[in-house]
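Chains as they are written, first to last, in the numbering used here: chain W, 1 to 282; chain R, 1 to 472.
Some clues are possibly wrong.
Claimed, not checked - Calculated lysine to any residue pairs in the SDA-like style (CA-CA distance at most 25 angstroms, straight line):
hint	chain 1	residue 1	chain 2	residue 2
1	R	K313	R	T382
2	R	K313	R	A118
3	W	K252	R	Y411
4	W	K65	R	T352
5	W	K8	R	F169
6	W	K65	R	P421
7	W	K251	R	E339
8	W	K247	R	V259
9	W	K60	R	P421
10	W	K65	R	T414
11	W	K247	R	I340
12	R	K71	W	T158
13	W	K65	R	L144
14	R	K342	W	Y77
15	W	K252	W	R266
16	W	K60	R	W423
17	W	K8	R	S170
18	R	K71	W	A68
19	R	K342	W	E249
20	W	K60	R	Y411
21	W	K65	R	N76
22	W	K8	R	P160
23	W	K8	R	A158
24	R	K71	W	G66
25	R	K342	W	E263
26	W	K8	R	W166
27	W	K8	R	V165
28	W	K60	R	G418
29	W	K65	R	D347
30	W	K65	R	A430
31	R	K71	W	A156
32	W	K8	R	W175
33	W	K8	R	Y159
34	W	K60	R	T352
It should be emphasised that the hints constitute simulated quantities derived from the structure, not laboratory data.
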Amino acid sequence: MSLNNLIKNWTSFRSRRPYLDQYKNADYKWAMVIDLDACTGCNACTTACYAENNLPVVGKERYEKGHAMHWLRIERYWGEGESVPVDMVPDRGAQFLPMMCQQCEAAPCEVVCPVGATHHSADGLNTQVYNRCVGSRYCSANCPYKVRYFNWWQYADTAWPNPLELQLNPDVSVRSKGVMEKCTFCVQRLRESMDHAKTDGRLVRDGEVTTACAQACPTSAITFGNLANPQSQVAKKWKNQQIALEKDEQKKDENLRGYRIFEEFRTYPSVVYLERVRDLEA
Amino acid sequence: MSHMIKHDVPDDNEIHIEKKFVPKDLDIDKDVSWAQINKDVLRSLDRPRPIFWVIFFAAMALFSFGVYCEKYQYDNGLGVADLNNPQVWGLYIATFIFWIGMGHSGTLLSALLHIIHADWRKPIYRYAEAMTTFSLLTAALFVLIHLGRVWQFYYVVAYPNERWVWPNFSSPLVWDATAIGTYLTSSLLFLYTGMVPDLAICRDNATGARKKLYTFMSLGWQGTDRQWATFRVTYMTLACFLMPLAVSVHSIVSTDFAVSQNPGWHITSFPPYFVAGALYSGCSVIITLFILLRYVFRFEAYMTMPILNKLIKMTFAIAMVWNYLNLIEYSTVWYGANEIAKQQLLDKMTGTYAPVFWGMVFCSTVMPFTLLIKFVRTHLPTLMVVSIILNFGMWLERIQIITPTFGHSQYPWTWTSGWWPSWVQFGIVAGSFGWFTMLFMLYCKIFPTISMYEVKEMVHDQSKMLKAKGVA
Ligand code: SF4
Ligand code: SF4
Chain W
1 MSLNNLIKNW TSFRSRRPYL DQYKNADYKW AMVIDLDACT GCNACTTACY
51 AENNLPVVGK ERYEKGHAMH WLRIERYWGE GESVPVDMVP DRGAQFLPMM
101 CQQCEAAPCE VVCPVGATHH SADGLNTQVY NRCVGSRYCS ANCPYKVRYF
151 NWWQYADTAW PNPLELQLNP DVSVRSKGVM EKCTFCVQRL RESMDHAKTD
201 GRLVRDGEVT TACAQACPTS AITFGNLANP QSQVAKKWKN QQIALEKDEQ
251 KKDENLRGYR IFEEFRTYPS VVYLERVRDL EA
Chain R
1 MSHMIKHDVP DDNEIHIEKK FVPKDLDIDK DVSWAQINKD VLRSLDRPRP
51 IFWVIFFAAM ALFSFGVYCE KYQYDNGLGV ADLNNPQVWG LYIATFIFWI
101 GMGHSGTLLS ALLHIIHADW RKPIYRYAEA MTTFSLLTAA LFVLIHLGRV
151 WQFYYVVAYP NERWVWPNFS SPLVWDATAI GTYLTSSLLF LYTGMVPDLA
201 ICRDNATGAR KKLYTFMSLG WQGTDRQWAT FRVTYMTLAC FLMPLAVSVH
251 SIVSTDFAVS QNPGWHITSF PPYFVAGALY SGCSVIITLF ILLRYVFRFE
301 AYMTMPILNK LIKMTFAIAM VWNYLNLIEY STVWYGANEI AKQQLLDKMT
351 GTYAPVFWGM VFCSTVMPFT LLIKFVRTHL PTLMVVSIIL NFGMWLERIQ
401 IITPTFGHSQ YPWTWTSGWW PSWVQFGIVA GSFGWFTMLF MLYCKIFPTI
451 SMYEVKEMVH DQSKMLKAKG VA
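Pulled out of the complex, with its shape left as it was, chain W reads as follows (with noise of 0.2 angstroms):
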């Protein structure tokens, strides 16, 4: 970028994201929707994210001081006045929340990052460019979800030990030391089947491609596709829930399930979250 691009591109840097009607007449805008009812927390979602993403699984002693490398993680929850002792669980089970980034439309990530590693893409995704993290880990510090994680060691030369290796997924770069990593949408996917619909001259069509997450889940709880598609089931299922993009707060009545957590940031995600209903006769 030559400084009279700088200059004139200036503005651009301010705008408010979204707006209204931003990916009207896009052609992709990638979201999801997590049917909260449907989870069972069973982790197929977080076991295929480790195998799709390259993810190195960092041992129980790291993992206590805090080193996991979860992308997608699944939170438990007991309900209000349900702690219980250890070894027993109560009637109604644990509540559980698969959490990744939300793939904010306003991330907070994004402005803070000094060298831009982590930025917009125009299907709107955040993006994260290893090459260009230098590792400040403010994006982290800013994440409301805390979703972001980093690479304290250098896992590639010991996370595969040979020939485990040869498992890794060759679409995706196994990252070094020093560099901030987090959920990506599964893009390796996203950009080889819009590669393809480019090459037959159409759009990709919904269910062509979806995330490792969502093609794993049992119960079917993630719905993966292009919000910008008005057919695609994740448009429906938004619509439904009479949730957009750009609006501030969704609106909140017993028929509606879906919600975007922390709406009250205005980090506006793309992930809608749909309440469990399902109650004392779980």
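With chain W's structure known, arrange chain R with the ligands on it following the hints.
Here is chain R with the ligands on its own, set in the frame of chain W:
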């Protein structure tokens, strides 16, 4: 020598008789001869005593240990520092703010006091500025140490480059890098400019390699009228330039936090709060170094008790401002609507971080009140201990700004109960003190720590003033 030491205490016999005409504190003895000033200050550049080398090598050992830790971290990744998710910053950033803060007061005070013609700055500003420069250098080290990929640090610097990529100008870290770079350069320039006439004095008295060094550095200073006139204008211009710059630097450092959305950081009063904190810790270091230099170099005639007293008064005032801003911060959070910030505040006071918090309260809020006691102000060993405690409190303050916010941020899943930095972090922090001590000691033996020409001005002005009042 002996007749100078006598004037330690302001109410000395000699000026006692005309007390009602004399300004209460005579900053410096009006009878010191100019040759004596040269002699005393140049003496501090003499061959050091063995104890100098002992301390120097101790500092060097500490520094080497820090380097070893850094090497270890560089080779193995930041994991060895026991940082984690969500505690991603830890002691490195806390200590970074600490050093930046220390590096604040020297130049800021020197420039401010110069602009408002507060003459008592003259014997003490030189070492304070040197302190600024070295602590800025140390702070800059911490930015690098903290980076995951140090070897790519230049990505943060804004310069047109062949990769055609700019840093992200909306990130406070880029402002930081720019502000610190600018401040470091101009502080160095300010320090150097103010030193030129003194370097000429050194040049005239030195031999051998030192002569060469001073000749080169004094830029052909002859002390002509024209040179002095240019010098005054330059120096004043630099001072005026540095004032707002210095205020901006720590404000910008505070935006690292204030700009983020995290509870405990997202507070409008952060910039003045940080500047006050910076001045506070800087002033206490200036006091510590004052006592040390005065003792080591026998500078009793120049670094006098009245000057120290003024310094202490200023420190106390700044401490109170800092306390006030601290209170504002807590009450804003307490009466505000942000539940998480409130919980976090309680967590700070009663949870895992309580020792850090109450340590800070004791060291930085309670301790400054001891400065009101005359004994503390006049008994130098006690004062030194107090000033070090104040500064330690400011280090704790930085930790309690950083860690609780990570430990108790918005997202409940990441609420951690405890976190403890590894030996690598402590080693690097300790190493930074060794590095600073080394630099400062070398400086003291190569460059005059007291501004000779300005002390002369001071003596001159004071005798003139006394004469005008008919005292002397
Ligand atoms: S969830 Fe966190 S990492 Fe993902 S876009 Fe939002 S702020 Fe960034
Ligand atoms: S795979 Fe599906 S059911 Fe299993 S934890 Fe993930 S979202 Fe829940």
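Each hint tested on the structure:
1. K313/R with T382/R: holds (16 angstroms)
2. K313/R with A118/R: At roughly 14 angstroms apart (the allowed maximum being 25 angstroms), A118/R and K313/R satisfy the hint.
3. K252/W with Y411/R: holds (22 angstroms)
4. K65/W with T352/R: OK: K65/W and T352/R at ~17 angstroms, within 25 angstroms.
5. K8/W with F169/R: holds (14 angstroms)
6. K65/W with P421/R: holds (11 angstroms)
7. K251/W with E339/R: Roughly 23 angstroms separates the two Cα atoms, so the pair holds.
8. K247/W with V259/R: Satisfied, since the Cα-Cα distance of roughly 23 angstroms is no more than 25 angstroms.
9. K60/W with P421/R: This hinted pair holds, its Cα atoms lying about 19 angstroms apart.
10. K65/W with T414/R: Since the Cα atoms of K65/W and T414/R sit roughly 13 angstroms apart, the hinted pair holds (cutoff 25 angstroms).
11. K247/W with I340/R: holds (24 angstroms)
12. K71/R with T158/W: Status holds; Cα separation ~20 angstroms.
13. K65/W with L144/R: holds (23 angstroms)
14. K342/R with Y77/W: Given pair K342/R, Y77/W holds - Cα atoms ~23 angstroms apart, limit 25 angstroms.
15. K252/W with R266/W: holds (17 angstroms)
16. K60/W with W423/R: holds (21 angstroms)
17. K8/W with S170/R: The given pair, whose Cα atoms are some 16 angstroms apart, holds under the 25 angstroms limit.
18. K71/R with A68/W: Given that 25 angstroms is the threshold and the Cα spacing comes to 24 angstroms, the pair holds.
19. K342/R with E249/W: holds (24 angstroms)
20. K60/W with Y411/R: OK: K60/W and Y411/R at ~23 angstroms, within 25 angstroms.
21. K65/W with N76/R: holds (16 angstroms)
22. K8/W with P160/R: Holds, at roughly 16 angstroms.
23. K8/W with A158/R: With a Cα-Cα distance of about 17 angstroms, the restraint between K8/W and A158/R holds, given a limit of 25 angstroms.
24. K71/R with G66/W: Answer holds: K71/R to G66/W is near 23 angstroms, not above 25 angstroms.
25. K342/R with E263/W: Since the Cα atoms of K342/R and E263/W sit roughly 20 angstroms apart, the hinted pair holds (cutoff 25 angstroms).
26. K8/W with W166/R: holds (14 angstroms)
27. K8/W with V165/R: Measuring from Cα to Cα gives roughly 15 angstroms; hence the hint holds.
28. K60/W with G418/R: holds (18 angstroms)
29. K65/W with D347/R: holds (21 angstroms)
30. K65/W with A430/R: holds (23 angstroms)
31. K71/R with A156/W: holds (20 angstroms)
32. K8/W with W175/R: Judged against 25 angstroms, a Cα distance of about 20 angstroms means the pair holds.
33. K8/W with Y159/R: holds (17 angstroms)
34. K60/W with T352/R: At roughly 24 angstroms apart (the allowed maximum being 25 angstroms), T352/R and K60/W satisfy the hint.
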